[in-house]
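**Q** Listed below, chain by chain, are the residues.
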Amino acid sequence: MFNLEKAIKEWKKNLRKNEALEDGYIAELESHLRDEVDKGMKEGEGEEASFLKAIKKLGEADSLGEEYYKTDTTHINKRPPWKESRWVPVLLSNYLKIGWRNLKSHKFYSAINIAGLSIGITACILVGLFIKYDLSFDKYHENAGQIYRAYFSHSRSGIASYEAQSPVLLGPTLKNVYPEIKKFTRIYFEKHCLVNAGDKSNYEDRISYADSAFFELFTYDAVIGNKAQFLKKANSIILTESTAKKYFGNENPMGKEIVFNNKYRFEVAGVIRDVPSNSHFKFDFLATYSSLERQPEAIYFPQWGATFGSYTYLLVNNEFNAKAFEKKAERFFATHAGLTNGENWRVLVRPLTDIHLNSRLSDEIEENSSMTRIYVLGSISLFILLLACINFVNLSTARASKRAVEIGIRKVLGAMKYQLIKQFLSETVLLSIISFVLSMVIVIIILPYFSSLVGTEINFNLNQNWITFILMFISVVLVGVLAGVYPAFFISSYQPVKVIKMKNLVQSGGKNTSYLRKGLVVLQFSISIILIVVTIVINLQLKYMRGYNMGFDKEYMLVIPVRDKVDANYNTIKNELKNIPNVFSATACEGAPISENGTQTECKPNGVNNADAFGIRVNSVDFDYMTHFGVKTVAGKKLSEEFQGVYTKVMVINEKMVKNLGFKNAQDALGKSYFISLNGYKPEIVGVVKDYNSNSLHNEMGSLVFMHKPNWFSEFVIKINPVNIASTINSIKELWTKFFPKYPFEYHFLDESISALYKSEERYSNVIITFSAVAIFIACLGLFGLTSFVTEQRKKEIGIRKVLGASIQNIFKYISADFLKLVVAANIIAWPAAYYFMIEWLKEYAYKIEIEWWVFAFSGLATVLIALLTVGYQAVRAATANPVNSLRSE
Amino acid sequence: MLSKALVAASTKPLILGILRGGENYGYQIIQRVKELSGGSIEWADGMLYPVLHRLEKDGLVSTQWKISDENRMRKYYRLTEAGRAELSAEMEQWVSVNEVLSKLWGPLPALEQS
Numbered sequence: 001m002f003n004l005e006k007a008i009k010e011w012k013k014n015l016r017k018n019e020a021l022e023d024g025y026i027a028e029l030e031s032h033l034r035d036e037v038d039k040g041m042k043e044g045e046g047e048e049a050s051f052l053k054a055i056k057k058l059g060e061a062d063s064l065g066e067e068y069y070k071t072d073t074t075h076i077n078k079r080p081p082w083k084e085s086r087w088v089p090v091l092l093s094n095y096l097k098i099g100w101r102n103l104k105s106h107k108f109y110s111a112i113n114i115a116g117l118s119i120g121i122t123a124c125i126l127v128g129l130f131i132k133y134d135l136s137f138d139k140y141h142e143n144a145g146q147i148y149r150a151y152f153s154h155s156r157s158g159i160a161s162y163e164a165q166s167p168v169l170l171g172p173t174l175k176n177v178y179p180e181i182k183k184f185t186r187i188y189f190e191k192h193c194l195v196n197a198g199d200k201s202n203y204e205d206r207i208s209y210a211d212s213a214f215f216e217l218f219t220y221d222a223v224i225g226n227k228a229q230f231l232k233k234a235n236s237i238i239l240t241e242s243t244a245k246k247y248f249g250n251e252n253p254m255g256k257e258i259v260f261n262n263k264y265r266f267e268v269a270g271v272i273r274d275v276p277s278n279s280h281f282k283f284d285f286l287a288t289y290s291s292l293e294r295q296p297e298a299i300y301f302p303q304w305g306a307t308f309g310s311y312t313y314l315l316v317n318n319e320f321n322a323k324a325f326e327k328k329a330e331r332f333f334a335t336h337a338g339l340t341n342g343e344n345w346r347v348l349v350r351p352l353t354d355i356h357l358n359s360r361l362s363d364e365i366e367e368n369s370s371m372t373r374i375y376v377l378g379s380i381s382l383f384i385l386l387l388a389c390i391n392f393v394n395l396s397t398a399r400a401s402k403r404a405v406e407i408g409i410r411k412v413l414g415a416m417k418y419q420l421i422k423q424f425l426s427e428t429v430l431l432s433i434i435s436f437v438l439s440m441v442i443v444i445i446i447l448p449y450f451s452s453l454v455g456t457e458i459n460f461n462l463n464q465n466w467i468t469f470i471l472m473f474i475s476v477v478l479v480g481v482l483a484g485v486y487p488a489f490f491i492s493s494y495q496p497v498k499v500i501k502m503k504n505l506v507q508s509g510g511k512n513t514s515y516l517r518k519g520l521v522v523l524q525f526s527i528s529i530i531l532i533v534v535t536i537v538i539n540l541q542l543k544y545m546r547g548y549n550m551g552f553d554k555e556y557m558l559v560i561p562v563r564d565k566v567d568a569n570y571n572t573i574k575n576e577l578k579n580i581p582n583v584f585s586a587t588a589c590e591g592a593p594i595s596e597n598g599t600q601t602e603c604k605p606n607g608v609n610n611a612d613a614f615g616i617r618v619n620s621v622d623f624d625y626m627t628h629f630g631v632k633t634v635a636g637k638k639l640s641e642e643f644q645g646v647y648t649k650v651m652v653i654n655e656k657m658v659k660n661l662g663f664k665n666a667q668d669a670l671g672k673s674y675f676i677s678l679n680g681y682k683p684e685i686v687g688v689v690k691d692y693n694s695n696s697l698h699n700e701m702g703s704l705v706f707m708h709k710p711n712w713f714s715e716f717v718i719k720i721n722p723v724n725i726a727s728t729i730n731s732i733k734e735l736w737t738k739f740f741p742k743y744p745f746e747y748h749f750l751d752e753s754i755s756a757l758y759k760s761e762e763r764y765s766n767v768i769i770t771f772s773a774v775a776i777f778i779a780c781l782g783l784f785g786l787t788s789f790v791t792e793q794r795k796k797e798i799g800i801r802k803v804l805g806a807s808i809q810n811i812f813k814y815i816s817a818d819f820l821k822l823v824v825a826a827n828i829i830a831w832p833a834a835y836y837f838m839i840e841w842l843k844e845y846a847y848k849i850e851i852e853w854w855v856f857a858f859s860g861l862a863t864v865l866i867a868l869l870t871v872g873y874q875a876v877r878a879a880t881a882n883p884v885n886s887l888r889s890e
Numbered sequence: 001m002l003s004k005a006l007v008a009a010s011t012k013p014l015i016l017g018i019l020r021g022g023e024n025y026g027y028q029i030i031q032r033v034k035e036l037s038g039g040s041i042e043w044a045d046g047m048l049y050p051v052l053h054r055l056e057k058d059g060l061v062s063t064q065w066k067i068s069d070e071n072r073m074r075k076y077y078r079l080t081e082a083g084r085a086e087l088s089a090e091m092e093q094w095v096s097v098n099e100v101l102s103k104l105w106g107p108l109p110a111l112e113q114s
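So the sequences go chain by chain: P and B. Per the working numbering, the first sequence starts with residue 1, numbered consecutively. Per the working numbering, the second sequence starts with residue 1, numbered consecutively.
In short, the hints are calculated from the structure, not lab data. Be aware that a few hints might be false.
Cross-link-like lysine-lysine pairs, in silico, DSS-like; alpha carbons within 25 Å at most [to be verified]:
(1) P:K12 <-> B:K66
(2) B:K103 <-> P:K42
(3) P:K39 <-> B:K103
(4) B:K75 <-> P:K70
(5) B:K103 <-> P:K57
As the structure is a prediction and not an experimental result, all values here were calculated from the model.
Bound-form chain P, shown alone (with noise of 0.2 Å):
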């Protein structure tokens, strides 16, 4: 049924799609389009015809259109805006001229959005290359795919532990066995050595000794020297380029002879370029494997049973499969090692590349990274970012809409719904490309503190770079695009006479957006309550582990180390030590406490050739070892000259070791004897000494062993006053110098080497810190520009209401009210989230604190101040506003 009101209703929709067609010409339309069709019925056509054939007079919607549009004198000459090409990117330079014209008239919220965005784009920047960084370790080698690392586990009880140290003999053998292993190299990694070389003389921390095939797993450039034949003759020593400048200057090294600790000669057969930090072991010395075995004090046993020492790695063939090899190798040790229990013992390997992400054993080179700490930054800086691009959005559409008077009244000097949205994209997204120039800017400034705060080296070399420069230039104009795209639309569509006429839009046209904006503002800021969660946890652990009482005196001790063998000799230094004044007690030993020095081995309780086993650290110790170090024994005697004669036959254990043994009281530990896989020997148990933590506390205690055996001394340790510390060292010094004359004079404070342990705890809770510290200025930055468009929005209420009698305070409270609403919110959501996290965290660490609430009280109220400072200084500044200025202006 034709229904003419009907027909002329969609008539006039039609007319309304083009913009020149104002209400006003539309209706004068319709007039003739009625007289049109009442004269067609009135000649006897039928409604309907009449109707089509009037439209059809009257003509299409735009060409109507283009000719109200060509009356306007503004336009002369000009096409109207739906017949423009839609995109000229010629005039590009245009658009982005208008949008930087915006930008300057409206200065502050530019700033405030600009400094956001930067922000959050250089946090980004930094982690990601920290993060590309830490997941390029190892990889500059040509065989890294191939390159494994055998290590083992072994099962006790059904617990299994891991070592990445292994045995001598497991690189040789497994290349005996299995083909598709090409190429062996045991690496051992010496700790520190007096170097004598050209007429130098140093301590060197970074020796490292190989098996000739190094060179041929592990690609490092030759500088001097045939690198095929580096490592073949033996005793032979590779240096790198700095440690050659260091020790020979500009000459040729080739041929001269290097010393270590005044006693193995090397000779210098080629020279390498430095080793990348990015490197999971470095070193600045690289000799011959086999010069080990003339040095005793070395931790090389070529036996099944001694499993510590070197790490083993493998190069393997291209069909090599992991799984498949530890399968096939289930029972190697069973088989090879000629172990009992050896079925408890599997061999394992782990890819090159992998280890510094992934492996975190306790006996690792160097201390790893993980894939946690890896996502926990990367998270962060995406948090960052994200806060930044809500603030962004957030800001521009709020401002978006306090220019609904500009932008109507642009409509109605003929702006198209087109070029608006043009117009508003230009903004948004220059500001993007503003925001990125400026994060590159700063980029380049910090990058040397980053690199040092977070413990690397990372530069930020553009040619290298430039695919991902140009992928961040795409994504932050995409940023821009987004940011600016909802505004766009949303304002552009608004009619010019309905938003001159009422300014309030924002309250009444957008009930939809308040509520995303205040979600925006509750998500800010729930991430960084989170953020300041974690800082506060990490920064607890540090302080829990580094004020922990590890069971041992570690204030004030100085520790000597030293290189010759003192053997008998060490109470006539001990005695002459005991008479420098405040010098209060003195003891010599293989190692103090968390000291590395100390046999790594194990004891096997069920006898030699029982394959069961577990680890055992073995310290040779003097005497006045225990009561030196406040350590009580609490069952049987301590090591004395009563067991002279017999010294090897004895030893004392701490209570871990009882437990391990199977023992429920230390008294029944006494006297019982075991082998432990050093020298053969299966002392008894004599004493048994209270537990010590004598590693960080990220693992568990271990088990000593103590045995006297002054051959094996390495260590002084001198509890000395605090008062005149530079004297007393000075006349140890002089001490020293009269007992060992060739070794220049060294030491270090025992709790100083305990803090560095959680030296990259404390690194990664600077960089938290610092991460948390930008997120929360974001956040508020962002409430900041959000409470300040707001406030204004409602000068003329809050006139209104000030004039009606609401003191500052009333309206202080009611302007904050909204704000604190969400700031409770975002806490409600960040609390157990942030709970999650850090427990996840904590697992790492076999000592730690426990997350008290008053953590997250702190936080929320934290936060809840910030916000109210931020929404403060704005509210405050409109409650004390003169009302007459506010409600004048129209």
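Please arrange chain B on chain P, whose structure you already have, making use of the hints.
**A** Same frame as chain P, but now just chain B:
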């Protein structure tokens, strides 16, 4: 058929002329033009209104919406003073052109019945 240019040039004087006779609304004006020209001038209906709009903008006509007896809203146009002046000016121009052409071609031959 008249050329486009000629139609365009003649709309203003036509409309102003018609309005001299009194106020009128769009539809009526169009019908009048058709009448006067005997059908040789046929404007697309919609084209008239932008021209009217332009005349209003230029101040040559003033407008008023009125409701008819049948409840129809119509926009009525009437000449302003400026409109009258403009009309006189147009009339002068067209008369002088006509004079020149008459002198050139002689008295215009009567149109054949077509």
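**Q** Can the restraint linking K75 of chain B and K70 of chain P be considered satisfied, given a maximum Cα separation of 25 Å?
**A** This hinted pair holds, its Cα atoms lying about 21 Å apart.
**Q** K39 of chain P and K103 of chain B were given as a pair; does the straight-line alpha-carbon distance stay at or below 25 Å?
**A** Outside the cut-off at roughly 44 Å; violated.
**Q** Does the alpha-carbon distance linking K103 of chain B and K57 of chain P stay inside the 25 Å limit?
**A** violated (40 Å)
**Q** Between K12 of chain P and K66 of chain B, does the CA-CA distance stay at or below 25 Å?
**A** Judged against 25 Å, a Cα distance of about 20 Å means the pair holds.
**Q** Assess, step by step, whether the Cα of K103 of chain B is no farther than 25 Å from the Cα of K42 of chain P, and give holds or violated.
**A** violated (47 Å)
When the structure is compared with the earlier hints, violations turn up for hints 2, 3, 5 and for no others.
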